[in-house]
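These are the residues of each chain, in order.
There are 2 protein chains.
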Amino acid sequence: MRNDLGVYTIAEVEERTGLSSALLRQWERRYGFPRPERSPGGHRLYSETDLEALAQIKHWIAGGVAPAQAVKRYLEGLTQEGPRPPETLALELEEALLRADSETAERILSEAYRLHPLETVVIEVISSCLRQIGDGWHLDRVTTAQEHFASTYLRGTLQGLFNLMGGSLGPTLLVSTLPGELHEIGSLIAALFLRRAGYTVHYLGPNTPLADLRSFAERTGARAIVLSAIQPISLESLPRLALLGLAPVVVVGGRAAADDPDAIKRLGAHYLGNDPRELVEKLMPLMQEAGLR
Amino acid sequence: MRNDLGVYTIAEVEERTGLSSALLRQWERRYGFPRPERSPGGHRLYSETDLEALAQIKHWIAGGVAPAQAVKRYLEGLTQEGPRPPETLALELEEALLRADSETAERILSEAYRLHPLETVVIEVISSCLRQIGDGWHLDRVTTAQEHFASTYLRGTLQGLFNLMGGSLGPTLLVSTLPGELHEIGSLIAALFLRRAGYTVHYLGPNTPLADLRSFAERTGARAIVLSAIQPISLESLPRLALLGLAPVVVVGGRAAADDPDAIKRLGAHYLGNDPRELVEKLMPLMQEAGLR
DNA sequence: AAAGTCTTGACACAACTTAGACAGTAGGCT
DNA sequence: AGCCTACTGTCTAAGTTGTGTCAAGACTTT
Chain A
0 MRNDLGVYTI AEVEERTGLS SALLRQWERR YGFPRPERSP GGHRLYSETD
50 LEALAQIKHW IAGGVAPAQA VKRYLEGLTQ EGPRPPETLA LELEEALLRA
100 DSETAERILS EAYRLHPLET VVIEVISSCL RQIGDGWHLD RVTTAQEHFA
150 STYLRGTLQG LFNLMGGSLG PTLLVSTLPG ELHEIGSLIA ALFLRRAGYT
200 VHYLGPNTPL ADLRSFAERT GARAIVLSAI QPISLESLPR LALLGLAPVV
250 VVGGRAAADD PDAIKRLGAH YLGNDPRELV EKLMPLMQEA GLR
Chain B
0 MRNDLGVYTI AEVEERTGLS SALLRQWERR YGFPRPERSP GGHRLYSETD
50 LEALAQIKHW IAGGVAPAQA VKRYLEGLTQ EGPRPPETLA LELEEALLRA
100 DSETAERILS EAYRLHPLET VVIEVISSCL RQIGDGWHLD RVTTAQEHFA
150 STYLRGTLQG LFNLMGGSLG PTLLVSTLPG ELHEIGSLIA ALFLRRAGYT
200 VHYLGPNTPL ADLRSFAERT GARAIVLSAI QPISLESLPR LALLGLAPVV
250 VVGGRAAADD PDAIKRLGAH YLGNDPRELV EKLMPLMQEA GLR
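From first to last, the protein sequence lines are chains A and B.
With numbering that gives the first Met the number 0, letter number 223 in the first sequence gets 222, and the count goes up by one each step, no holes.
With numbering that gives the first Met the number 0, letter number 132 in the second sequence gets 131, and the count goes up by one each step, no holes.
Wrong hints could be hidden among the right ones.
Simulated restraints, written as ranges between beta carbons of each label pair [to be verified]:
id : chain 1 : residue 1 : chain 2 : residue 2 : range
1  : A       : E102      : B       : R29       : 32 to 38 Å
2  : B       : E94       : A       : S109      : 31 to 37 Å
3  : B       : A210      : A       : S38       : 51 to 57 Å
4  : B       : P66       : A       : K71       : 33 to 39 Å
5  : A       : D134      : B       : R113      : 53 to 59 Å
6  : A       : E102      : B       : Q287      : 22 to 28 Å
7  : A       : A67       : B       : E13       : 46 to 52 Å
8  : A       : R15       : B       : E94       : 38 to 44 Å
9  : A       : D3        : B       : E13       : 17 to 23 Å
10 : A       : R29       : B       : E13       : 45 to 51 Å
11 : B       : R218      : A       : K281      : 49 to 55 Å
12 : B       : R113      : A       : L168      : 37 to 43 Å
13 : A       : R218      : B       : H137      : 17 to 23 Å
14 : B       : P208      : A       : S109      : 30 to 36 Å
Some residues of chain A that are not near chain B, with every Cβ distance over 10 Å (derived) [to be verified]:
id : residue
15 : L114
16 : H115
17 : R130
18 : N273
19 : L285
Because the hints were derived from the structure by calculation, they are not lab data.
Even for Gly, the Cβ is constructed at its ideal location relative to N, Cα and C.
Please model the complete structure; the sequences and the hints are all you need to start from.
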């Protein structure tokens, strides 16, 4: 899905990366990189990917890495100076997002994807970063606008990932949040993990009325409904019957419900904890159990 | 149904696209494009489709793509079968989304991107589809869950586009919605168009408190703030001073404000209509005006 | 008749190419 | 210190390519 078509002239690359055209040619001569396409007449035509690579390399050089090593590091796709752990990446991501620097955020994330499996990135970088920012907001160290910017940006990233890995063949699930819930990220992460686990997932966004969920589940043949709950909602106020009648299996994951798992049980649903990996593992036996009856 | 009828003389095309007639002829000679119909006497007659194509190509060139490559890219994106108009695509998209068939939706959208310039897809496919679904919801022909699914899916698409076209060099803008607004799509489309117009856009998601917007604008050096308003909010209830103090230029676009443009003026902001293309055009003189003072 | 458009050939200039040379820096060795 | 070497970024020079514009003479449209 990447744009490797060569379209940018060397002057354009010079302007965007700040690397002189002479230097770009010299690098190609010396290190064999980048090696852009050529026009029929022999002019260099750099691709979007080349631009990103050069930005990354320049970033490393600015950080003190020798040019030859930076190029080599990029070509090998490995960080020689020890792969940076998710915690570091999460901190850097937080810093970039608080500065509203989405270009750096993008670079950090793409590095994270290269270095770690998707699940790790989502939980230990993205999710952790969001938690830190949320904490900062509670302590008044982060403004609401900063928090909005960061969570909007990361939500977009997650949804991009979700859309990227298209439909599967497994049983169909519906994912939303409990009514009244405003925080969407938890449900989005759940949807992502479930889709990656092979389910066919329909993600509905936050705050879908329970009655509508039911008809939607019937229409799409959903075998289970997953609802996320982060805010400490008064669970008692939810209609019990609605939850019960929704679908063969009803599941609730999320932080808010952790205080009182029994409350969920009393509503006729199952509480599957706060960890999306746990959710995926515990859901399977539940589905089978429901299928046997 | 098609727009391929040749109706525009070369002078009209020159005026609309800003490309000189000599250049248009030269492109035809060199790249074989555009190849408009001819009058009985041999004069070129360009079609609406040609105009859109030229606008797209010009946009790519402005973005740094070499002219020959821009034309080539356009021609390669066109090699598919008979192009379906945006209206048809919007209808097919609506149908797919109501069926919660995101795979088909994805296919329709990627076809739309191939066949039409981005602006057209966003306005005449995505936006139009959302409007149809919204109308259906008001008429109880579409359930809330279906509406949620569709708007969540399309929001993800839009945000993916927004993230895809990274930062620019132009003046910095903040985009959010009026406080209390729940519909996010309008602001997202505005953010997308503004970024595409060359601005550096920070998208904050919906519903950011005005006070926080202000400090965020100062921190990021934003030269203007764009707020979308779709719901018929009681504008009078907003604090006037807050709006005034926000930034050099404060702008409000969206459907809700159309009823009473003066109300916006009284708050110290400018109302720039409901059309994102209009927004982009009207914003530039406002920015300059503010810059001169 | 005036204004606009056609084709073809030509032109100017910016941008690009290659190959080689050069100067500054950093580190190792005597 | 002094010297050597490797590395790096910049520069020069001569030739090629890409791109926009123009001119001349014939034809079309209004």
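Structure-based check of each hint:
{"no.": "1", "hint": "E102(A) x R29(B): 32 to 38 Å", "verdict": "holds, 36 Å"}
{"no.": "2", "hint": "E94(B) x S109(A): 31 to 37 Å", "verdict": "holds, 35 Å"}
{"no.": "3", "hint": "A210(B) x S38(A): 51 to 57 Å", "verdict": "holds, 53 Å"}
{"no.": "4", "hint": "P66(B) x K71(A): 33 to 39 Å", "verdict": "holds, 35 Å"}
{"no.": "5", "hint": "D134(A) x R113(B): 53 to 59 Å", "verdict": "violated, 44 Å"}
{"no.": "6", "hint": "E102(A) x Q287(B): 22 to 28 Å", "verdict": "holds, 26 Å"}
{"no.": "7", "hint": "A67(A) x E13(B): 46 to 52 Å", "verdict": "holds, 51 Å"}
{"no.": "8", "hint": "R15(A) x E94(B): 38 to 44 Å", "verdict": "holds, 41 Å"}
{"no.": "9", "hint": "D3(A) x E13(B): 17 to 23 Å", "verdict": "violated, 35 Å"}
{"no.": "10", "hint": "R29(A) x E13(B): 45 to 51 Å", "verdict": "holds, 47 Å"}
{"no.": "11", "hint": "R218(B) x K281(A): 49 to 55 Å", "verdict": "violated, 43 Å"}
{"no.": "12", "hint": "R113(B) x L168(A): 37 to 43 Å", "verdict": "violated, 27 Å"}
{"no.": "13", "hint": "R218(A) x H137(B): 17 to 23 Å", "verdict": "holds, 20 Å"}
{"no.": "14", "hint": "P208(B) x S109(A): 30 to 36 Å", "verdict": "holds, 32 Å"}
{"no.": "15", "hint": "L114", "verdict": "holds, 20 Å"}
{"no.": "16", "hint": "H115", "verdict": "holds, 20 Å"}
{"no.": "17", "hint": "R130", "verdict": "holds, 18 Å"}
{"no.": "18", "hint": "N273", "verdict": "holds, 22 Å"}
{"no.": "19", "hint": "L285", "verdict": "holds, 22 Å"}
Comparing the model with each numbered hint stated earlier shows that hints 5, 9, 11, 12 do not hold.
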